[in-house]
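**Q** Sequence:
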Amino acid sequence: MLDWNQPAIDFYLSIGAQPQDEWVRYRLTGDALRAFAE
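Each residue of the sequence shown is one higher than the one before, starting from 1 at the first, in my numbering.
None of these hints come from the bench; they were simulated from the model. Computed from a predicted structure; not experimentally measured. Glycine included, each C-beta is placed from N, C-alpha and C at the ideal position. Heads up, a few of these hints could be off.
[What the hints assert, rightly or not] Pair by pair, the computed Cβ-Cβ distance ranges are:
id, residue 1, residue 2, range
1, Asp-3, Gly-30, 17 to 27 Å
2, Glu-38, Ser-14, 24 to 34 Å
3, Arg-34, Tyr-12, 33 to 43 Å
4, Ala-37, Ala-8, 32 to 42 Å
Please work from the sequences and hints to get the whole structure.
**A** Quick look at the structure:
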């Protein structure tokens, strides 16, 4: 879920879920994506 979705975050915390802080998100778009595809 997105970090701004506080209702969802609160729900998961309320049922005992733990955040996975070790995960890092990356996005590849535009020129970088084209260069990767070549």
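**Q** Confirm or reject each hint.
**A** Hints, verified against the model:
no.	hint	result
1	Asp-3 / Gly-30: 17 to 27 Å	holds (23 Å)
2	Glu-38 / Ser-14: 24 to 34 Å	violated (47 Å)
3	Arg-34 / Tyr-12: 33 to 43 Å	holds (37 Å)
4	Ala-37 / Ala-8: 32 to 42 Å	holds (33 Å)
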